[in-house]
Amino acid sequence: MPEEAIFEDALERRQAAALGMWTFLATEVLLFGALFVAYALNYHLHADAFREAARRLEHLLAGANTAVLLSSSWTMAMAVHSAAAGRRRSLLAYLAATMLLGAAFLGVKAIEYRTEYEHGLFPGRFTWQGPAPARLFFNFYYALTGLHAAHVSAGLAALAWLWLSAFRARLDPRSVAAVENTGLYWHLVDMVWIFLYPMLYLMGRAP
Amino acid sequence: MKGPGPRVYAAVYAALMALLGVTMALSAVDLGPFGAAAAFSIAAFKAILVALYFMHLRYERGLLAVFASAGFVWLGVLALLAYCDYLTR
Amino acid sequence: MAEPTATSYLNAAYTARSWLLTLDHKRIALLYMVSITFFFFVGGAAAVLLRLELLSPQADLVVAETYNRLFTIHGVIMVFFFLIPAIPAVLGNFLVPLMIGAPDLAFPKLNLASWYIFMLGGSLCLVALLFGGVDTGWTFYTPFSSLYSNSNVMLTALGVFVAGFSSILTGLNFIVTIHTLRAPGMHWFRMPLFLWAIYATSLIMVLGTPVLATVLVLVALERGLGIGIFDPRLGGDPLLFQHLFWFYSHPAVYIMILPAMGVVSETITCFSRRRIFGYSFIAFASLAIALIGFLVWGHHMFVSGQSMYAGMVFSFLSFLVAVPSAIKVFNWTATLHKGRIRLSTPMLYALGFIGLFTLGGLTGVMLATLGLDVHMHDTYFVIAHFHYIMVGGAVMGYLGGVHFWWPKISGRLYSEWWGRLSALIIFIGFNLTFFPQFLLGYLGMPRRYHVYPPEFQVFNVFSTAGASILGVGYLLPLAYLLWSLRYGPRAEGNPWLASGLEWKTPCPPPVHNFDATPVVRHGAYAYGPDGELRDA
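Residue numbers (the working numbering), protein chains in the order written: chain A, 21 to 227; chain B, 138 to 226; chain C, 2 to 537.
Incorrect hints may have been included.
[To be verified] Over 10 Å on every C-beta distance to chain B, these chain A residues come out as not near it, computed from the model:
no., residue
1, Glu28
2, Ala170
3, Ala178
4, Arg194
[As the list claims (entries may be wrong)] Below, a list of computed lysine to any residue pairs in the SDA-like style, where the Cα atoms sit at most 20 Å apart:
no., chain 1, residue 1, chain 2, residue 2
5, C, Lys110, A, Gln35
6, C, Lys110, A, Ala178
7, C, Lys110, A, Ala30
8, C, Lys110, A, Arg34
9, C, Lys110, A, Ala169
10, C, Lys110, A, Leu126
11, C, Lys110, A, Arg33
12, C, Lys110, A, Pro193
13, C, Lys110, A, Asp29
14, C, Lys110, A, Phe27
15, C, Lys110, A, Ala197
16, A, Lys129, A, Ala169
Source of the hints: derived by calculation from the structure; they are not laboratory data.
Nothing here was measured: the structure is a model prediction, and the numbers come from that model.
Even glycine gets a Cβ: it sits at the ideal position worked out from N, Cα and C.
Could you build all of it, start to finish, from the sequences and the hints given here?
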C-alpha cells in the first residue's frame, strides 16, 4: 500500500508523524529514566560515597559541554525554523552548526573519559582507593553518559543524512517533517543531558 | 507549520544558558538536603523550556502534550513505588 | 467450488520478494503468524522435555544444568517470541486497519521493520540456544545472571532486547493508527472492543518495554564490561534488577491477556447474536487494566527482601487490578444471557477462556495475598496460576481469534467438526496438565526443580499425561487449518454473519482493503433483537 494513499492529506500525515515521534520520545524518556531511577535509588543508599566519587569528575569541562549541547539545541531549533520557511541555505548552515556542536560534545566527552582513564577511574582499570560504593557511582556514570553518547552519535548520523538530502534536493513537505522529527529527537537528547549534568557532576560539589 | 520565531528561540536559549550558570553556582553552596532538589528543579524547568518552545509543545494540539508527559508520569510511577521499597527497608 | 476472479492480498503477487518486502499489513500479519507458530513449537519442545523429565522423581532424562536451560528457553521463547507478539502482531496487524476502515496502518514501512527486528531478536536467541542456551530462568535474576552464570546470557539478553524494539514499534504503529486513521463516523466509542484492547495493549508495549531494554543493557554491561550496578560487593542491590525487570514484565502479562480479551468480546457477541453488555465498562476496564497493571510489579518480590511495607502496598494494588478483569467477565456473562448461543469453534475457545481465565485470575488474587504468597511463592502453584492465564487464557484467545477470522484471512473455511474436537481436546488436555500443578504447589513442590519427593509423583504423571493430550490438541489445528488452505470450501464475505467493518470486505480482502472509505453510522455489535445482523 503506497504511503501516499493512506492519509487523507499532508496535514493528516504530518499529525500522524508527530504523534508517532512523540510516542517514540516517550519510550526514550522511559529508557533513560529507568537508568536515572536506578541511579537515584543507589544515591539514596550510598549518598556519601557517591558524593565523594562525584568530586572526581571534571564538572567544569562538563559544564562547558552542557553549554555546547544547549547551543546545538538552539541551532537545531533554528534549522527546523529554516526548513519550515523554505530557506535551504539557512537550513544547511544551521544543520552543519548543530553537527559541529554535537561532534564537539562527543569530543569533550572523549577527553573526559580519557582523563578518567588516566586517573584510574575506568572500568577494568579501576585503581582509585575510595569507598566501595564509589565504584558503583562510576559504573552508573559510564552507563548513563555512555548511553547518552550513543544517542548523540545516532543523532549526528541522522543530521548528516538530513544535510545530504537537503543539499541534493529541494525542500518538500516530507523533508520538512523529517527535519522537524530529527529536531525533536535532538532536543530530547539535550533534555537528558540537562538532567544528567547536575545529577552526576554537581552532587558532590557542596561541602 | 507551528512554532515561534527566532526571537523566542534566542530568548529561550539565553534563559537556558543563564539557568546553567545558576545551577553551577548553586552547586557550590551547601544547601543540605535541598541541594539535590534545587538542582533537579532547575533542570526540570530547563527541560520544560526546551519542550514547550524548542519542541513546539506550546503551539501544538493538546494530545501531543499528553503523549509528551506520559513518559514522565510513568517514570514517576516507577520511581514512587520503587522508593516505597527503598525508603522503608 | 467457484474459482476466485477477484485479486486479493494473497494472490496479488507470488514472488518471495513480494512477501519479504511487502508493506501490506495483512501479509506482514501472516509473516508474523508463521514465525510465532515456529517459536511456539520450539518452546513447546522444551516443555515436552521438561514434562518427560518430571514423570519420575529422580533425574533420569537430564541433569540439573540441562533442566535449568530447558525451563529458561521455554520461558524466554514462549514469553517474548510467542505470547507477546501473538495476538497483537498477527491478529492486530491484520485487523486494526480493517476494523477502523483504513487502507493500512499509519506506518507500513515501520511495520515491516518490526517483523525483521523481531526475526533478528529471535534468531539471536536461537543461536544462543544452539550454543547451549542460558540457565538463569527467563527472569534473568541478578547477581546470577550478571556475575556468575556461565551460559549465554548476553546473547539471549541481546535477542530479547532486540525483540523489544519490535514490540515498541508495533505498539507505536497501532496507537497512531487508531488515533488518526479511523473512518468517518468511527468515533472512539463505536470501535469494536478488540481495538480498545489493542490500544490498551499498545500503551503497555510503548511504556513498559523501554525499561526492560534498559535493564537488559545493564546486565550485559555488567557481564561484558564489568560495569556492575547489581553487584553486592560494590554496594549494588540485586533487588534493583527485580524492580526494573518486573516493572515491564508484569505489565507484559497484560500485553498477553488484553488482546485475548478483545478477541473474546468479538466472538462472544457474534455467537450469542447480541450486543455486548456494558460496552463502555469493558472499554474503560481495558484501559484500567493497562494502567493498574503498571502499579503491581512488587507482588513478584514479596519474599525477595523487599520492604514489608512496600509489599503491603503492592498487595493492595494487586487486588485492585482484579476488579476491571472481573467486570469484563461479568459483562461477557451478561452478554451470553438469553443469547442465541451457537457453539462454533471460536465460541468454544471464548467460553473456555472465560472459565480458565477466571480460575487463573482468582488464583492470582490468592497469590497477591501477602501471607499466602509467602507459602506459595516459587512453587508449582505460581506455575499453574500463570499457565491458566497464559495458556488457558491467552493461547485459547489466540486460537479462537485465528478460527474466527480464518475465513477472512485465508478465504477458506476449516472443518467445524475438527475445530470443535480440537478445542475440546485442548480444554481437557490443558486442565489435566495444569490443575494438578495447583495441588502440587500448595503441597510444597518448588518450581524449577527436576527432582522432587516421591509422594508428588502421581500429580506429575497426570500433568505429563495432560501435556501429551494438549500437544495433540495443538497439532490438530495446524493440520486442518493448513489443509483448509488447499481443500477447504471457499468462504464468502461474512460466513459468521458477524458485525464489523472487516466483514464487509471480501474473503480474503483486496490489497487496499476498501474500495471506498466506509462511513460508519452506528456502533459496534449491530445485532438486532432476533439476532439478525443490522450492519448496513
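- request: Mind listing which of the numbered hints don't hold for this structure, in increasing order?
  value: 9, 10
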